[in-house]
Amino acid sequence: MRSLWVLILVLLAGNAFAQRTITGRVSSDDGEPLPGANIMIKGTMNGTVTNLDGDYAIEIEDDNATLVFSFIGFEAQEIAVGSQSVINVTLGDDSELLEDVVVTALGIKREKKALGYSVAEVGDEAFESSKAANPMSSLSGRLSGVQINSTGQGAAGSTSVIIRGNALADGSNEPLYVVDGIPISNSQYSNADSKDGGGIDSGNGMSGIAADDIENISVLKGASATALYGSRAINGVVMITTKSGKGAQGTTIDFNSTTTIENARIYSDWQNVYGQGNFGNAPSSMQEAKDNTGMWGARYSDVNKYTDYRGQSSEYRFYDNENNFYETGVTTSNNVAINHNTESSTLRMSYSNLQNNGMMPNTEYNRNTLTMNGSTKALNNKLELTGKISYVNESSTNSMIGNTPFSANLMGTPNNVPLSDLRNYKDPVTGLPVGFGNLNSNVYWNLYEVSHLYNKDRVMSMAQAKYNFTNDLSVMVRYGDDKTFFNQQSIWPIGTPHYQQGRASEVRAINSETNIDGMLSYNKDFTDWGFTVNVGAARMDQEFDERQIFDERFSDPSMQKPGFGEVTTSFVNYNRKRINSVFSTAQLRYKNFLYLDVSARNDWSSTLIDAQPSYFYPSLSSSFVFTEIMDTPDWLSFGKLRASWAKVGSDTDPYRTRLYYNIDGVLHPGAGGDSPSGGIGSGTVPNRNLKPSMNESYEFGVDLKFFNNRLGLDVAYYNSKATNQIVRVATAPSAGYDNAIINAGAIQNAGVEMSLYADPVKTKNFNWNTALNYAYNENKVLSLTEGVNQLTLFETNGSVSVVARPGEEYGQIMGTTYRRDDAGNILLDENGRPMVNDGLSVIGNAYHKVMLGWVNQFQYKNWSATFVMDAKFGGEVYSQTEAQAYSTGRHQGTLDRDGYDGGVWYPSILDGQGTSSTPQEFYQSVANIDEQFVYDASYVAIQEINITYHLPSKLFDNVNFMRGASAGLFVRNLGYVWRATDNIDPQATFSIANGGAGVEMGNMALPTTYGFNLNIKF
Amino acid sequence: MRNKITYMLLAAVMLFSAACTDDFERINNDPNQGEKIDPGLLLTRVWMRYNGTPHEELRGNMIMAGPLSGIVQSAYRTGQAFDGNNDQYNEAKYVEMYKDAVKNGVQLLKNLDTDKENDNTAKTSIANISLQFVFQRLTDMYGDIPYHDAGNAYNTGSFYPEFDSQEDIYKSMVDSLKKHRDILMETDAEPFLPKNDIFFGNLDEMERNKAWARTANSLIMRLGMNASAADESWARSTVEEAANNKAGFITSIKIGDAFILQTSVNGGDWGNHINGANATKWGHTYVGEKWLRLAQRNRDPRIFYVASQVINNSDWSAWTGMSNFDAFEEAPQYGEPWKPVTFMPVKAGGTESLSIRAMYAVKGEDGNQTKVGGDWFVDLNTHTADYAQYHTLTGINPETVGHREAPIVVFGGDESYYILAEAKERGWNVPGDVASNLEKAMELTFEKYPVLFQKGSNSPQTYLAMQSATEGTDLSYEGLQAEYMDKVMDETIDLELIWRERWKSLMTTFAYDAFTLWNRTNLSIIPQGIPYPGTEFTEIPVYTAEQVEDPAFAMEIPTSEFTSQPFHNGGDTEGHRPRRINYPNAERTNNTENIEAAIQRQISEYGQVGNGSHFITTRMWISKQ
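Same order as they appear, the protein sequences are chains A and B.
Position one of the first sequence corresponds to residue 1 (the UniProt record's numbering), numbered consecutively onward.
Position one of the second sequence corresponds to residue 1 (the UniProt record's numbering), numbered consecutively onward.
In case anyone wonders, no lab produced these hints; they're calculated from the structure.
It cannot be assumed that every hint is accurate.
[Said to hold, decoys possible] A few chain B positions that, by computed beta-carbon distances, are all more than 10 Å from chain A: (1) CYS20; (2) GLN33; (3) ASP100; (4) VAL106; (5) SER158; (6) ASN196; (7) ASP486; (8) ALA586.
[Said to hold, decoys possible] Within a straight-line C-alpha distance of at most 30 Å, the following computed DSBU-like cross-link-like pairs (lysine-lysine) qualify: (9) B:LYS371 x B:LYS455; (10) B:LYS290 x B:LYS246; (11) B:LYS363 x A:LYS290; (12) B:LYS487 x B:LYS371; (13) B:LYS290 x B:LYS210; (14) B:LYS339 x A:LYS290; (15) B:LYS178 x B:LYS116; (16) B:LYS363 x A:LYS305; (17) A:LYS243 x A:LYS42; (18) A:LYS112 x A:LYS305; (19) A:LYS290 x A:LYS112; (20) B:LYS363 x B:LYS455; (21) B:LYS455 x B:LYS195; (22) A:LYS290 x B:LYS254; (23) B:LYS171 x B:LYS440; (24) A:LYS426 x A:LYS561; (25) A:LYS290 x B:LYS290; (26) B:LYS487 x B:LYS363; (27) A:LYS764 x A:LYS246; (28) B:LYS210 x B:LYS246; (29) B:LYS246 x A:LYS305; (30) A:LYS691 x B:LYS290; (31) A:LYS691 x B:LYS36.
Glycine included, C-beta positions come from ideal geometry on N, C-alpha and C.
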């Protein structure tokens, strides 16, 4: 840590070694100044950039110097200085040179046309005008082949990113996040999967990054692109470059303020014909009201009064609780950044605050981010130092989703109980909950009395030193650290339904990841060809240390806190791993049309020390710009073919190779005294012979630009196959374990990605550019291993699970099905209720095959606007909410009961067949048949609309304290153009775990966000 | 320059290849767990998981096996409703036993076998005997199960074990028990340390070995007799061999002598140490209707320990606040007019909550009827004590048998003598005669209650005193016991009588054995099913509010008006009592071929009751046809 401060001091000091100053202005051929243009002294690493007015100043050592002026999209110019002291330059527009430079693995900058694989990029425009609390969720629809799912949690929630389908049968399919060249941790400390009492989604790695600090994001998709990052990049890499403050010289200040309001979207539309009760009768006593919370009572129109859960006579009528429950969420986010630039140094300090009051009563989330970064050059500009430190604090009150969540609880509330009654949730005398059902469930008790708090303190730091021996030879060393201190406290006070004696849980966790790498680079250019070679080594350390204390049965109501339970249990969860690596890459280029990249990497992972810790993997990619050497028609401005092949090896989690035992600390009374007990610590069969798994992939692509780059098409075909995977296959319970770790199986992902982009209108005042992204991914589990039927990915607390099965797609949803005759009719038992097949069958698949995104950007004078739509097709979701709505008679589908008069009736589910069952028994049986509640999760949605007004720059010519300003309005998640689900949001994910997308359990719908954004540059 | 680069490169590579796995051994060793464990700790673990936590005990024992055997009732209707598809109740005990008791037991055997430094002869035998208890419970509930290859995924890589037939399992268990019984009678190898031997740790070393031999021999008697309907000659030779073996059998109900598992609240309500069936001081379990009515008709004093109206005064306890009390006054049957009594049973039923506790309906002025059912427990916030005493269902007393710290009689002396009585009645060559064995068995059964099930509770004495006051005479447990036993011994003693008394004796905490007893005997007090169709509805009396406002204790309130109440829907079996618990989905999904073969084999070999519309109608090997 101390070295970091020294570095920062050095950065602040800056330096200068100059003889003579040249000044001037760089402008485009239409006379507009070009801010941020590059000026380099030829043959050195010295240079500067223009300020916002296009002005620059550079010191040269002698008159023989030649200055190179360049700017992306313009033709570079070289000008010999001679005796001039003012050099004004006009750069000509050069579409030929519009070759974007992209950041590739390990932070190596490359010309896009030289790449043999596809890289998707999003600039800060995606974050500038429409801020989302988790920056990844801004990217829905903007990147082809990248599937983004958010939990319905709101500001603090996790976002799942799946690139080109799921490669791993088991283990995380989330990409590696790299911020400014340093991998960060993507840990989720707590998720909604906990089946016992509902979980808290505490967000994942990206939830702590402020959108205002992001310069751009590029996504490396294929294995060739990511091979250099090794094992962890098997699912792709999301590379984030944060703002460095580069730009205008001197001190500038950027201020950005965003306010959004979030409106809950309610999709549930319950029947309002029948009230609470049993077999057609409204409750006539308090006990009946408590026993029968389902909507199986009388018609509202037939009965005026009933006896409610408090024993009071109440009006028997429908209340639209779902639509009246949610409040308007408000999120304010402010960011101030101070940039200070000199010729050789940059410094940026930024502070962001995000404050969210959730849509549910009494929920809050708060985030503060403080970042300082800078860079400087020293030792005659041969040494480049870069450093960064960020501190993020997140705190949350009561953010919670899952199966005991508020929405699910509201689901259980009879619709004839108004929220106004439920608000008196606490008995003033006993202090116990007052609510419906035998447990006195009340959603407001859960919101105001049960508390879930968490706090995360996270420090991310990095330092990099690069020394340029010559123009061609440099060495770089880099250190990065990401450390999070997490603590969570949950209290269920005495009387809480299901935990009547009270309970408390306290979790403290420290998670850290440290990366050190170093790289030697040599570059040589000859007339027609050139090459670059990088050789390096890296070490990664990950450590996770969690302690949990769990209290049950509070001894006294006056002290309902952790530590005051009659019984206290503690858990320890620790793991650590290290990967050491050496790697090398080489790029070979011939003229400006042929490029070849090779890379090789060897990793040693501590997790595989018992069998084969070392594994090697190579990659090869090539790019051929055929328009450079072939006569092509005028309308074809650019054409490139690319191909790549790569292997990526992968390790596993710690401690999976050995059998471990635990001892239970509490003593058991025995005839010979008290005895401790102990047993095998895990439900997973360890495997001492575990070997690394391999993912092999190839990719072909073509990149075409037409009509002077006004129209472009980028198509990629990829095929990747992960073999020898380290998976946890489900074992039979009778084998003694839940699952076993083995090297087995192969999963194949093959797909096509297509981006079509165009500038249909390009005039001085009005521009429209549009891009359509299409991705199709086909996933197949080729094999698991002999005798293994399936791999469980995700389990619910019911009979539904999400699995991988050999020969089928990844993510099959399994559940119970109707027993049918050969003609397909549902078989009924003697009671006229549908019969269930024994065991479970495939009832759907959790993953979409087709994704579409459509991004439109408009510019009219000082106005700009964006319109983003996206669509997904081909995946399914099992809805527990819908099943519950059948079981409790609130689903409109149960209104068929109208036809029941004690004899045979014809529910539409039976398609013409009659039953003599009572409707209540019939639909309660239907609720257990999972097949009935699988929905097509396809949708077409409007993700984002924004409009921004930029104050004309002329306004600021005479204002010396302000450089620019803009204001905008935006809306996110506006709604669905089309969806196939009835009462649920097809996008809201219950869990970001593998397969979690296939299950809906009382999820909150993703809210619609309306926002206002103000951006001022000083 | 070039040399320098080469040198630096080489140095970097050298540094890395030397250091690339340095320290990995330490990094990859979990600091919070151990790679070795004392075998004694694993033995304790096996027994704790045999007991189980409230999760699986509530499901396997109280919701499924208990109501299926008729001995207890549950507010959850799945078991008694003959519902075969509720996986969370089907799977709980199976999964817990295999994934914990079996897994750790198998590993214990493996570790003892691998350890060549010590003489593990006695320990191995004790571990083996323990495992047979575990498998007995599993096969008795589920029929054919994996036995020879179970729990061995780590050691043999057998992830999908084959299913063994129950016949093979029973015979293999007996072979194994005989072998280890005999070893323990001879060996002078050390058994487990006293503290790790939670059953016999109070005894000296060699006595411990003998005590385990005696336990093994007792289990052989149980297993042998369990096969009475399946293979009578094997049953006979097995029981005869064991009954006459020098290892002896369990003859008392004393802790440290009989095979009794103690419990404590260490580890919490959901921990491993409490009586699993009795979560949070009370498992919300009710006295089986048949058991209750038989006890009332025969003035059985066990009723004072077993039955109570339960109240939650900071903890579950036996309510004694009733103004009228008569434990022996029987509640009316369905279809009869109502009369207020102390102990109203939970009935068998399946349709909805009221079907198992309906008492009567009250007719309002508007002609609408409100059905009134018994409350699950006494709620004096809502009701007066006068109302509660006639309207609260009969729970298992949470201070005695239903206490979460009640000991668990895995094998008590009474069971030995019931087996001997039955064996003798069958004409087999075992010690004693029918009457003396039966009398001894009943004596021990009665003795269990004051000795084992009265942990700091006065409620049995209070109830007895209240009964004395009602009857105007001084009653004692011993006196009533003597009257009861005299009455039984005066009856014609036959197999049915022995089974009935044995069934009653199982009113402790494990209902599994009661289910096994029924399954192999079809003992007549628990019918093989309910008439179906015919029991979908039952009749309950209808009154005006005034008629039931201030009822006289034990006085029938006449009425000729009855209303219909949904009762039993026939479940998945068309009214036939299931012969087993269904296999869990987790086993069906992951071990498909083996389980399918086992299902088909059992259906074809043992047949199904009724028209076999559901697998749970399939008999086991031990089932009586």
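- Which of the listed hints are not met by the structure? Numbers 1, 2, 3, 4, 5, 6, 8, 9, 10, 12, 13, 18, 19, 20, 22, 26, 29 and 30, in rising order.
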